[in-house]
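With the sequence shown counted from 1, adding 25 to any position gets you the working numbering.
Since the hints were made in silico from the structure, they are not lab data. Hints are not guaranteed to be accurate.
Computed spacing ranges between beta-carbons, pair by pair [said to hold, decoys possible]: (1) L76 - Q98: 27 to 37 Å; (2) G110 - A65: 14 to 24 Å; (3) D130 - G100: 16 to 26 Å.
Bear in mind the structure is a predicted one, so any value in this text is a computation, not a measurement. Backbone N, C-alpha and C fix where the C-beta goes; we use that ideal spot for every residue, glycine too.
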Amino acid sequence: MAEHVDFFEAVVTCYPQDADHAPLLQDPAHARVARAGDVADGDLILAAVSLCGTDYFNDQYPAHPQPYDPACQCGVCCHLTQENGAVVVLSNGHPWTTCDPWRADDLVLIVPAARLPDRNATE
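Full structure from sequences and hints, please.
Here it is as structure tokens:
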């Protein structure tokens, strides 16, 4: 069976074990790098990822993607109106009181809500 696979140029570092970061609620072995535009409802967002490293957030939060509205009055969406390409909002109101807009092609470290199938499982 043919499978589509994306390879990302990214550096994923270990989760910080300090007082500034909440303990992970999920096993980090399930974490995957995805494009922000591919994040699904319920995915757990852990960090922004780039070639420079992994920028873990102080606390993980569930994604609730929705279309980007450049006219939104949240105070954050207005900062991405000049971005080239698509923008997606990954959360609206949690954990912040504003939207969480990302460029759709930006990389994000997530724990998918829908686990990947076990490749060794028999049907």
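Verification of the hints:
1. L76 - Q98: 27 to 37 Å: Distance hint for L76, Q98 holds at roughly 34 Å.
2. G110 - A65: 14 to 24 Å: About 20 Å separates the Cβ atoms of G110 and A65, which means 14 to 24 Å holds.
3. D130 - G100: 16 to 26 Å: Hint holds: Cβ distance 24 Å, inside 16 to 26 Å.
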